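**Student:** Given next are the chains, with one letter for each unit.
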Amino acid sequence: MIQTERLCKNYNGFAAVKDVTLHVEPNEVYGFLGPNGAGKTTTILMLLGIEKPTSGQVFLFGQSLRENYFEIKHRIGVLGEHQYFYDDMTAREYLGFFADLYRVENKEERIESLLELVDLRQFGNVRARDYSRGMQQKLGMIRALIHNPELLILDEPVSALDPYGILEIRHLLQEQAKQGKTVFISSHILSEVEQTADRVGIMNRGRLVAEDSLDNLKLKLRQQVELELELQEIPPQLIEHLSPLEFVHEAIGNGNKLSLKLDATADFRPQIFAAISDDGGVIVDMRTKEMSLEEAFVTITEQNVSLLTGTEVEA
Amino acid sequence: MNLSSGWNYRWHVTMLIQKRDFISMIFGRGVYIVLSLALLTAVLALRNSLSFIDENGLFVASGAFTFPLFVAIFLSSLFLALSSVATIARERDQGTMEALFYGPVDSLSYVLGKYLAQISLYVLMAIVYMAGFFLYATLTNFTFSLSLLWVILLSILVASDFIAVGIFLSTLSSKVRTAILLFLSVVLLFLAIEVGQEILLAIPVQSNGYYNPLLFAQNVLTFLNQIVAWLSPISYLNQGIEAIRRGHVTSYLIIFTISLIYTLIFLGLSVVTLERKGVRK
Chain A
1 MIQTERLCKN YNGFAAVKDV TLHVEPNEVY GFLGPNGAGK TTTILMLLGI EKPTSGQVFL
61 FGQSLRENYF EIKHRIGVLG EHQYFYDDMT AREYLGFFAD LYRVENKEER IESLLELVDL
121 RQFGNVRARD YSRGMQQKLG MIRALIHNPE LLILDEPVSA LDPYGILEIR HLLQEQAKQG
181 KTVFISSHIL SEVEQTADRV GIMNRGRLVA EDSLDNLKLK LRQQVELELE LQEIPPQLIE
241 HLSPLEFVHE AIGNGNKLSL KLDATADFRP QIFAAISDDG GVIVDMRTKE MSLEEAFVTI
301 TEQNVSLLTG TEVEA
Chain B
1 MNLSSGWNYR WHVTMLIQKR DFISMIFGRG VYIVLSLALL TAVLALRNSL SFIDENGLFV
61 ASGAFTFPLF VAIFLSSLFL ALSSVATIAR ERDQGTMEAL FYGPVDSLSY VLGKYLAQIS
121 LYVLMAIVYM AGFFLYATLT NFTFSLSLLW VILLSILVAS DFIAVGIFLS TLSSKVRTAI
181 LLFLSVVLLF LAIEVGQEIL LAIPVQSNGY YNPLLFAQNV LTFLNQIVAW LSPISYLNQG
241 IEAIRRGHVT SYLIIFTISL IYTLIFLGLS VVTLERKGVR K
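Protein chains in written order, with the numbering used here: chain A, 1 to 315; chain B, 1 to 281.
If we strip away everything but chain B, and leave its shape as in the complex, we get:
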């Protein structure tokens, strides 16, 4: 077997792992609960927009789908990240990962297979959202603009970032519970930094020539928030939506590229961690 057929075999193995996980998730309840929740939120938000139009005598409401879509993307990404966090830790915990590695499976094919299963599920969910929104737009005469497609395209990369982080955290732990706690801790930390900064910035600081600890705390949290902005996939989604809204194609493409690199970095880290940590319980 030469090098090219080695890659060929790796791809074969990757796709098998992807298929197994994808089918397993499709037959699970989680994906349908998230889809229902996201679509329900969207319908409620759109009804709200309809009432707003009605009450204010407007004919047009721009960007009515942006918020529902944001919620759908956020919920789906969070679900897939949690699912990714559980997937590798569970397989290691159950020992099925070890059985796979007895055979022609290596860390790269395994991580890629897991990643592709999750991202293909997201693509399927995104198609359902688009179909749902398109149907709603047809029924209500809401504008279904092309920009929504750009948001959806970016959302695939945002979901991909979430999944890659989930997989990375999963490779760090041998227990599902530990992996999920680790993920939730990271999410809560990011939230705490963002909310903390907003609260502190709302407090006016009076400079009287002395060192002010509040000012220091504000500076620290602002700095941390800048780091979070680089690390949190949601901030890429926000920036991307803003770029689409303003019609800044270059900004959109930069965010798109950074998101892609983000995914590749975390997938690479996952492969290295799996190699180092091993596949045993």
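Chain A on its own, in the form it takes in the complex:
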């Protein structure tokens, strides 16, 4: 659905995007992550043909924009980083203008149903520029959906929203994904992407440093597994017996709770069970602490890019 090949963008010698090769499959929700200034928005603008790449190529639906500009643009819905509105247009007029631009049939019906979807129907005749930031974000979102596009490209779709608004947009996106649409979300709100994305790409300093499913990314980054156990009581010699084991990096006891950091190269839980049992311990509860996307993201962007790429990232 989206394919870039060694995409680069330089601004007066500064490389904003370097060799980005990413691909987004049809019907998937793709999270595009990265800290501020990582090159996410520049990449999106190149996808849309608004910024010209210094080198590299972009293919949408298997074609370049030069080949079939109007058809491709007609199949995409875009929500930009900032929302811009005409001073003199109400929300309904604004949506009507874009509906005409995309030649939407039954546009009045479509506009009303979309306004209803994001609770803006009663404000439809208010000038869009007088909306609050959150309302403008929602209006921008339904503008992107007005022509029922196959591919949605969203730059920070929930950045200006309150928790209720975030929930609304999340449901909207999940609904779009259910309908088989491809969604490309750029965001720095990691928990949001974690809840919606099938796969993520992580940008750092202009480079795409990782692109995989969330589970695979976490797995790749996991050098240690954190195991939390609750015992009836911790046998007196247990910590001393566990600590020397070569796959145990850390063992801490606190009351009847035992926290272990284990090597992630294999599943060492049977050995742990055996050691506890040998010392007469009884396990009441056990859980493996999962790495959140936030932790994975910080790990990737700040410390261990080499884990994913096999190379060191240049400073």
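Hints listed in this document are in silico derivations from the structure and should not be mistaken for laboratory results.
The reader is advised that the hints may include incorrect statements.
Unchecked claim - Derived DSS-like pairs: lysine-lysine, alpha-carbon spacing no greater than 27 Å straight-line:
id : chain 1 : residue 1 : chain 2 : residue 2
1  : A       : Lys18     : B       : Lys277
2  : A       : Lys18     : B       : Lys175
3  : A       : Lys52     : A       : Lys107
4  : B       : Lys277    : A       : Lys218
5  : B       : Lys19     : A       : Lys107
6  : B       : Lys277    : A       : Lys52
7  : B       : Lys281    : B       : Lys175
8  : A       : Lys52     : A       : Lys18
9  : A       : Lys52     : B       : Lys281
10 : A       : Lys289    : A       : Lys257
In this text the structure is predicted, and so the values were computed from the model without any measurement.
Based on these hints, arrange chain B on the given structure of chain A.
**Tutor:** Then chain B, alone, in the frame of chain A:
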């Protein structure tokens, strides 16, 4: 979507942008102020002509409408050029241009849409002027000659040249103020060259065998004025009116064609500049 439907879509987008801008201008005050000003000037000039006829005991006054029409064309063209200068720079500054380009809008459809909005407004203004002059001619028995129609036809291209230049200057700048200052600087430069040349030519130069800096300045300004004559749409209007007055159809058609090419060149430059400069703030 094949090539022809691509063009079809581009035309659809062009007409939508044209319609939006046209409606926006029709509901603005500027166009009515210019119309009123132009018609008021015309009435004053025609009253002056009536007094002249009365005082001199004449029965006929030829070309009474030429000057009022020239003023109306000049004011309208200047207004539309300024409006064009502001239009693209404002949209870029406000970010609405970027939002449009997320969708099926490209540089060509955008520039054409902007241009067509302005020129269609001029056509509407020209119709109002003609109706006004025709009414005045009926009431006062002034001759409403066919040549006025030829002037009006040429004026559409002159206005078109002004608009194309305005759009071009607008694509160069991201800020409305900068774009307007750029336009006014160009207008003032042209005026300065023309007035400067007239002033310098009025000073007699005595050749005494030595190099005379005044003569050099006169030559330079004459040369610059020739360039201005090619670049200034008003000079095409002057030449066109002169051709109509003398009945030189060929000269009229040449000026008509040059004006058309002038518009196409500046619109083309606008598209290229917009492509290169981008649509972002």
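**Student:** Which earlier hints can't be squared with this structure?
**Tutor:** 2, 3 and 4
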